[in-house]
Amino acid sequence: MFTKKITGVLLLFCFLIPAAQAQATDDIKSYFNETATKVKAEADPEQKREILAGSLERMTTALARVEKSRLISDEDRASLDAFGKTLQEKQDELAGINGFNPVPNSQLNSFADYVVQSMEQADKTITVSVVTALLILIIVILLV
25 MFTKKITGVL LLFCFLIPAA QAQATDDIKS YFNETATKVK AEADPEQKRE ILAGSLERMT
85 TALARVEKSR LISDEDRASL DAFGKTLQEK QDELAGINGF NPVPNSQLNS FADYVVQSME
145 QADKTITVSV VTALLILIIV ILLV
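Sequential numbering of the sequence shown, starting at 25, is according to this note's numbering.
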């Protein structure tokens, strides 16, 4: 009887962990989708730029805090580092630093969509554990 319960619990975890991972990564995608929606709703280019810069900065800050945590594995730390480099590249592009030309005001809506697509593609190549993804989300929520 006890063995059946343990087996049942293990099977349940096998189904719940991938679902939790998918939910956490979907929440990160949703964060960037919401940013793109806010950018498109704003008329003032400076406000659009601030929204994008703030969103990228909050995610970068969250990643940095999670990377310092002892709760994550070395593999997750490497994935977060790669994800952070992708975010930094987008920040540099937006600001026009480190070899990039600044994004023209007329292209900020398109740049917001580009950031969303880039984060979705990064999600396919950068994997993190459920714990790490949830830590990122919690920190982003606290920073907002």
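Treat the hints as calculated values from the structure; they're not laboratory data.
Honestly, I wouldn't trust all of these hints.
List of simulated lysine-lysine pairs, DSS-like, C-alpha gap at most 30 Å [to be verified]:
#1 K64 to K53
#2 K92 to K53
#3 K62 to K109
#4 K109 to K64
#5 K64 to K92
#6 K53 to K109
Check the hint pairing K92 with K53 against an upper bound of 30 Å on the C-alpha distance.
Judged against 30 Å, a Cα distance of about 23 Å means the pair holds.
Check whether the Cα positions of K64 and K53 lie no farther apart than 30 Å.
Within the cut-off at roughly 17 Å; holds.
Pair hint K53 and K109, alpha-carbon separation not exceeding 30 Å
holds (17 Å)
Quickly compare the C-alpha distance for K64 and K92 to 30 Å and report which way the hint goes.
Cα-Cα ~34 Å, so violated.
Straight-line alpha-carbon gap K109 to K64, limit 30 Å:
Holds: K109 and K64 sit about 25 Å apart, inside 30 Å.
Need the status of pair K62, K109: alpha-carbon distance at most 30 Å?
Given pair K62, K109 holds - Cα atoms ~24 Å apart, limit 30 Å.
Hint compliance for this structure: hint 5 alone is broken.
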